[in-house]
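Trainee: So the sequences go chain by chain: A and B. To convert a position in the first sequence, counted from 1, into the working numbering, add 48. To convert a position in the second sequence, counted from 1, into the working numbering, add 48.
Since the hints were made in silico from the structure, they are not lab data. Model, not experiment: these values are computed from the prediction. It is possible that part of the hints are untrue.
Identical chains blur together in the list; that is why a pair holds if it fits in one copy or across any two.
Claimed, not checked - Under the rule of at most 20 Å between Cα atoms (straight-line distance), these lysine to aspartate or glutamate pairs were calculated in the DMTMM-like manner: (1) Lys193 x Asp169; (2) Lys110 x Glu92; (3) Lys240 x Asp284; (4) Lys110 x Glu208; (5) Lys193 x Asp257; (6) Lys116 x Glu92; (7) Lys213 x Asp172; (8) Lys110 x Asp272; (9) Lys213 x Asp163; (10) Lys193 x Glu148; (11) Lys193 x Asp172; (12) Lys116 x Glu267; (13) Lys65 x Asp163; (14) Lys116 x Glu254.
There are 2 protein chains.
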Amino acid sequence: MCELLGVSANVAISSRKVFSVLAERGGNSGPHKDGWGVTFYEGEQGRGCRTFKDTDPCCCSKTSEFVKQQPFPSQLVLAHIRDANRGSVSMENTHPFTRELWGRCWNYAHNGQLDAFEQLDTGDHHPLGQTDSEQAFCWLLNQMKTTFVTPPSDTLELMEFVATKAAYLSTLGVFNMLLSDGEYLLAFCATKLSWVTRTAPFASVEFTDGVGSQNLAAEYQEQDVISLVATQPLTDEPWCQLQQNDYAIFHRGRCIRCSAQNSPAHHLQSGIKQDV
Amino acid sequence: MCELLGVSANVAISSRKVFSVLAERGGNSGPHKDGWGVTFYEGEQGRGCRTFKDTDPCCCSKTSEFVKQQPFPSQLVLAHIRDANRGSVSMENTHPFTRELWGRCWNYAHNGQLDAFEQLDTGDHHPLGQTDSEQAFCWLLNQMKTTFVTPPSDTLELMEFVATKAAYLSTLGVFNMLLSDGEYLLAFCATKLSWVTRTAPFASVEFTDGVGSQNLAAEYQEQDVISLVATQPLTDEPWCQLQQNDYAIFHRGRCIRCSAQNSPAHHLQSGIKQDV
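Generate the whole structure from the sequences, applying the supplied hints.
Mentor: Here it is, written out as structure tokens:
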């Protein structure tokens, strides 16, 4: 299995601290040692991407050491640490996978494992590697392209369509997924995915995995809104756990659509501070 | 205008020294300060890519400083430093541009400027940015896809087809280009592009732009074959200058097809050693 991390914000922020937590779990405090990748979308509309990948474990990759030192301000970040099950440890099998569709740069990462994935019709979108993950991504792109003959003007509607297709993929195995076009971030949960939204007043948060703490008040402005979504909570904030086949869609920092009943029972008792 | 660099080899080698020369020309010894990018294909068949890009000048970008320190062994490298004419200085306008076609990862970089590029029909391949370069790339991909209904088994034939289309693009302005699928490297020259092939016995080479020298004999093995192609010679080796609308196709280090008449007149007297 693997782990996922997504960040959506209404202003370009540095995600190096939370990326550093994920990096620890990539071969040090977690077993996901078979490569990693991160995409930082850039610009107000997220048209450009700054992507780093490596086949070395994220905890000790030279490239991740470099990335952890840079701010790379971004309103939308998508990251993955890999624990390979299908496909060799190689660059072509390293998430996130990227494709252009309708003039947008789509990034996607998957946690899980699918059976019978070879039967998924990918149309004109061909996998570069051998993973079930990339085959599923290409199938999703083909579903989008063949269903919407013209590019949909409503990306929210499009993301909800993708969520229904993700629900189908989850019948083939385990399918936790992050997908983004640079503006919207779709998080689909089959088994394990949590999220939290940060708004003012900001306080200090304690990271998991011994990475330390961060004083959000010193980094964020009053009007900033930031959401994090990850395989498991990476801070002591009150993360919300998505349930099976739930999805959440984030836009400029806020969860704007969520299929989950976010009852208190779904809130994790994850750490030191529950009142942040 | 911009500058291009391509490397093709029959074995995975480090290209950091020659990349360092290009980096100097990106805002220091040359004016191409508007961002840069480099792709290192990986694996025997070049299915995977390791790509770095930045909008800062290559001469002083933190990411290029990092890249210059890493070996990143690769049999095929494609790099670009940008001097923006069309499109803002942004990640989406930074070369190389990348697309998947027929299950291969295509990378492309352009030096020049095209008129009436908006009229180029790109079909299902949409530019992410605003450059004439990316529009031309998408047009080339569309030409490939619509001409070859099934993926061609002979990539050499495909590259020669692309060269004929590049010749058309050069009627719209200046079109020097590098294109690769990870195995083959096509270099098309409108105005300025040179190449050199290194074979045993290897000697020392002196770089341009004050970057120093490199003892190739200490780095390469007897059977290694390496070709470099660049906007202008980056070493004192006897580079061969392509003429207008000439092209060269490289595979595993060798130039396997070249439209140029490589007469001695085309060989540049570029430096200290002519007998390497």
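Trainee: A separate judgement is required for each hint: does it hold in the structure or not?
Mentor: Results of checking the hints against the structure:
1. Lys193 x Asp169: Both, since 12 Å and 19 Å are each at most 20 Å.
2. Lys110 x Glu92: neither (30 Å within a copy, 23 Å between copies)
3. Lys240 x Asp284: within (17 Å within a copy, 58 Å between copies)
4. Lys110 x Glu208: For Lys110 and Glu208, the Cα distance exceeds 20 Å both inside one copy (38 Å) and across copies (39 Å).
5. Lys193 x Asp257: The answer is neither: 41 Å in one copy and 48 Å across copies each exceed 20 Å.
6. Lys116 x Glu92: For Lys116 and Glu92, the Cα distance exceeds 20 Å both inside one copy (23 Å) and across copies (30 Å).
7. Lys213 x Asp172: This pair counts as within: shortest intra-copy Cα distance 18 Å, inter-copy 22 Å.
8. Lys110 x Asp272: This pair counts as neither: shortest intra-copy Cα distance 32 Å, inter-copy 27 Å.
9. Lys213 x Asp163: Cα proximity of Lys213 and Asp163: one copy only (16 Å, versus 42 Å across).
10. Lys193 x Glu148: both (11 Å within a copy, 15 Å between copies)
11. Lys193 x Asp172: both (10 Å within a copy, 10 Å between copies)
12. Lys116 x Glu267: Cα proximity of Lys116 and Glu267: one copy only (17 Å, versus 32 Å across).
13. Lys65 x Asp163: neither (35 Å within a copy, 45 Å between copies)
14. Lys116 x Glu254: The answer is within: 18 Å in one copy meets 20 Å, while 36 Å across copies does not.
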